[in-house]
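Chemist: Chains as they are written, first to last, in the numbering used here: chain A, 1 to 451; chain B, 1001 to 1125; chain C, 2001 to 2486.
Honestly, the hints are just simulated from the structure, not real lab data.
It is possible that part of the hints are untrue.
Said to hold, decoys possible - Simulated pairs of lysine-lysine, DSS-like, Cα-Cα distance not exceeding 25 Å: (1) B:LYS1062 <-> C:LYS2389; (2) B:LYS1103 <-> C:LYS2088; (3) B:LYS1062 <-> A:LYS320; (4) A:LYS432 <-> C:LYS2025; (5) C:LYS2389 <-> A:LYS320; (6) C:LYS2392 <-> B:LYS1062; (7) B:LYS1062 <-> C:LYS2025; (8) A:LYS320 <-> B:LYS1047; (9) B:LYS1112 <-> A:LYS287; (10) B:LYS1062 <-> A:LYS287; (11) B:LYS1010 <-> A:LYS320.
What the hints assert, rightly or not - A few chain B positions that, by computed beta-carbon distances, are all more than 12 Å from chain A: (12) ASP1002; (13) VAL1044; (14) SER1060; (15) SER1072; (16) GLU1074; (17) ASP1084; (18) GLN1087; (19) GLU1091; (20) SER1092; (21) PHE1094; (22) SER1105; (23) ASP1106; (24) ALA1107.
Note that CB positions come from ideal geometry on N, CA and C, so glycine has one too.
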Amino acid sequence: MAYLFDTPEQRQRMLEAIGAASVDELFEQIPRELRLGRELSLPGAVSELELEQDLQRRLGQAGGGGVCFLGGGVYDHFIPAVVDELTSRGEFYTAYTPYQAEASQGTLQAFYEYQTLISQLSGMDVSNASLYEGGTAVSEAVFMAMRVNGREGRVVVAGSLHPEYRQVLRTYFSRLGTEIVEVPAAGGVVSVESCCAALTADTTALVLQQPNFFGCLEDIAGLTAAAHAAGALAILAFDPLSPGLLKRPGDYGVDIAVAEGQPLGTPLQFGGPLLGIFTCRSEYVRKMPGRLIGRTVDRRGRECFVLNLQAREQHIRRDKATSNICTNQGLLALRATVFLSVVGPRGLRQMAELSHEKARYAAASLTRLPGVVLKYERSFFREFVLETPLPATEVLTALAARGFNVGPELSRFGDSLGEGLERCFLVALTEKRTRAEIDALAAALGEVLSG
Amino acid sequence: MDPETLYFAKTHEWVSVTGNVATVGITDFAVRLLTDIVYLSLPVAGKVYRPGQALGEVESVKAVSDIYAPVSGEVLEVNSGLPDQLQLLSESPFERAWIVKLKLSDASELEKLMNRAQYLQHCGG
Amino acid sequence: MRNPTATRLLFEMSESGRGTVVFPKSDVPRVTGIPEPCAEHLAGGLLPLPELAEPDVVRHFVNLSTLNMSVDSHFYPLGSCTMKYNPKRHERLARLPQAAASHPYQQESQIQGLLSVLYELQGMLAEISGLPGVSLHPAAGAQGELTALLTAAAWFRHRGEQRTRVLFPASAHGTNPASAALAGFECVQLSGGRDGFVDLSELRSQLDDRVAVFMVTNPNTLGLFEKDIATIAGMLHEAGGLVYIDGANMNAILGRTRPGDFGGDMMHYNVHKTFTGPHGAGGPGAGPIAVRDFLAPFLPAPVVTFDAARNWYSLASPEHSIGRMRSFFGNVGILLRGYCYIRTLGGRGLREAADCAVLNANYLLSQVRDFLEVPHGNRCMHEFVASAKRLKEQTGVTAMDIAKRLLDYGFHAPTVYFPLVVEEALMMEPTETESLATLDAFAAALREICSEPSELVKGAPHTTAVCRPDEVNAARKPILCWSGQC
């Protein structure tokens, strides 16, 4: 059942029109010795009902049935019903990349609105229409910085940047001879002094994150100034919910700001598909990777939207393109657009404040337990690092068994976050977590540590 | 600028030499190939270029092409008004749409370039 | 029945004080003793986002959606995109809370079911490709290409070999050279033969010990099966290089032949093409790769492994892994849709899909070739490339004009001006999920258009909301967001 239409009579008519005796004849282009000659060895076809039953049985309960306090780049935020409803329209999700503008004004206008909303959210001049996710967005930002200032030898990265984003950087730049220098974040943040020491005349950019991977707030103003003083670009990976409460990247004067856009209306989905947000100063627009939607007029003077500056992209520029990206994350950008439309500035502020208040309350409750401390005595947003007397993996396993999904443990990332962190783990709070859930978590942790 | 007195590169740049100053632009053929030109980026003053090094870019809706230095030299002057008057590229490609003036460091490099007749043949005409 | 009030920009509909989503008041007390963000971290005022009422938002996006063509609403024969039907059952199954609400850092014990599905998918993609080492990690086809090239580069380095070049045909998709350049390789383009195939003597002349990989799409972007592919692979292997198969056109060969069997060493899949992942107006996709067993240790991390003794699935890092290409595991939401497709079709169903895709394309070819030149012959695989060159010479009507006029007839245009090797190219891929009636109607529309007065065609589209946006002006003075900020 492959969603086929033809009856045997129709098939016959088509073969006659083609001038072939059989469908097999159409495959004679494939040399005999290359033909598979057997059916693919795959499980036999199942019906929709059987598949649903199979998946329901195997996948088990959502989140293991536990309450989500997991952080580390994607979070269990509220998604209003309208987002699913509108983005489930087939006209949106079964449409293609808007190469034929007249057949895609719905998509194009929505992406233009997305670009504007992200620009308003981030305080940056211009946004593209999405990249894959936060990690590759950071790498693309570094490539762009190199195009802007012509320095290709070296990039300085805060050790408090998401360890997976730093891993992606290493993979992308491994063959290109770029030196990646990490500045350790002892104490939970990087210092201006240590970054200044690392910034040399051939450094293309300083890469920071706010809040950083530990949830802590960095001195972005000071660090941006340090980067600029060294002639390097300031690249900031920011949290897309944080502008509801905190200063925006544009307010700090950074050159390129990227983000993992998942909190804006995308479900967790075990980590993908996500939403890579990419913004920069207007003077750099021709060096931006990814698709850009622009406003123009048509032959009759009517306002309309088009894919803009395509000459920079792979399908035209090929080996000299600003990026190799083709398919991006269109539908997730649409989700973010609908999300921001219905949440609005007040809703976003509420979400940010609630996440913040609940994180503070959780930190206070949990650190009242004996031996439990805030690892970094610094202000934080939405998540924080706890240290307990027991190994983190043990603690998190025990909490999961009691119905609380907490983490990740910092040791999961080797020593890329520092040494001696085996008893440390992240705890993240969103507007969805209730006081009762937080109190229950504290009680459970108390049991685990004393038992 | 009489095209007959110019030197031409395979990559469609032209060079005019007066004393030790080489004036560089792109040819009418290149402009026609590109069709609607939307953007031009100029080289940096004071920078030294070698032959074959990209010293700028010209962008149309259909393509982005590098502009290559046909000879070595230090950038003396750029035509800073040109990016805002891109129509000059089709109206006056060999005169008012000059792109950069280089301080010619090695006149013998001119021998590697083509004359007008050779260039026209190179373009297939 | 257009509603221009509803399709104003969101920012033009904004009124201060409007709002939609409200949240409950905080149920936690304020606390002390926990470090507070200082003033310099805090925002000034309310963000300048639009303030909208929910009914307006709904009406806005519903109306915008009606300005789109989509697979759900129109025939969409975009060559090289495989715009086949997106089964709705996949949407429901991929949204099962157990999959949609799983956090990537969840305990392994809680995600055994999900990991078992992903592990099974790895195996299925290995079987379909004939290449055993599978990674579900890349976010899209282009990232798959880059991932495979980096994997190959790591393998060469491990063997102490320094290979710097990647070869590809002029008919290749632009992502091929773009990915090769990103991977740090020098790109060498082959012109190919007049017949549209790889020219063996041209290839031979470029083969030396600098060549790492030859990237080739098979069937190629002209919709033809490279009959010499085994010879080509032999030549590459003899020169110490590898063959990369761009799997964008897998829909033509499912169950008939496999990249691993015809000499490919690595390939990528486009789950959002072959396996019905919806195109989403430009993504998301998923670009898993499959490689030979000797390349598998270099694949990116993580991969799913299975310990039969413990009956336990884990995420692991291959022994010499190139590392991570993106955060977290992969585009699981899209991978699940592909998984559902393969499960509901089975091996035989996949072959039937390919059979019908090829039948439909050949039929469409037979119906258009008497009025539109098809330069590369009367047979094709799942797509073919027609040329409007003669029409342009006779009447001035171009491929772009035909594409625009098709919109008036209620069809989305085929791909135009790709591949670059055909002048005034129209690349048509009907896919298997289209009826004979649709194909006949499309062919009739094309026939009609090719005999219409040229002014009518050049003035098209006449029935859409907008007509021929001015892209030149847009590129000269880009306006990339509202209120002229950009």
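Chemist: A separate judgement is required for each hint: does it hold in the structure or not?
Modeler: Comparing the hints with the structure gives:
no., hint, result
1, B:LYS1062 <-> C:LYS2389, "holds, 19 Å"
2, B:LYS1103 <-> C:LYS2088, "violated, 67 Å"
3, B:LYS1062 <-> A:LYS320, "holds, 14 Å"
4, A:LYS432 <-> C:LYS2025, "holds, 12 Å"
5, C:LYS2389 <-> A:LYS320, "violated, 29 Å"
6, C:LYS2392 <-> B:LYS1062, "holds, 19 Å"
7, B:LYS1062 <-> C:LYS2025, "violated, 54 Å"
8, A:LYS320 <-> B:LYS1047, "holds, 22 Å"
9, B:LYS1112 <-> A:LYS287, "violated, 33 Å"
10, B:LYS1062 <-> A:LYS287, "holds, 16 Å"
11, B:LYS1010 <-> A:LYS320, "holds, 20 Å"
12, ASP1002, "holds, 33 Å"
13, VAL1044, "violated, 9 Å"
14, SER1060, "violated, 7 Å"
15, SER1072, "holds, 19 Å"
16, GLU1074, "holds, 17 Å"
17, ASP1084, "holds, 15 Å"
18, GLN1087, "holds, 19 Å"
19, GLU1091, "holds, 22 Å"
20, SER1092, "holds, 24 Å"
21, PHE1094, "holds, 25 Å"
22, SER1105, "holds, 22 Å"
23, ASP1106, "holds, 24 Å"
24, ALA1107, "holds, 29 Å"
In terms of the numbered hints stated before, the structure departs from hints 2, 5, 7, 9, 13 and 14, listed from lowest to highest.
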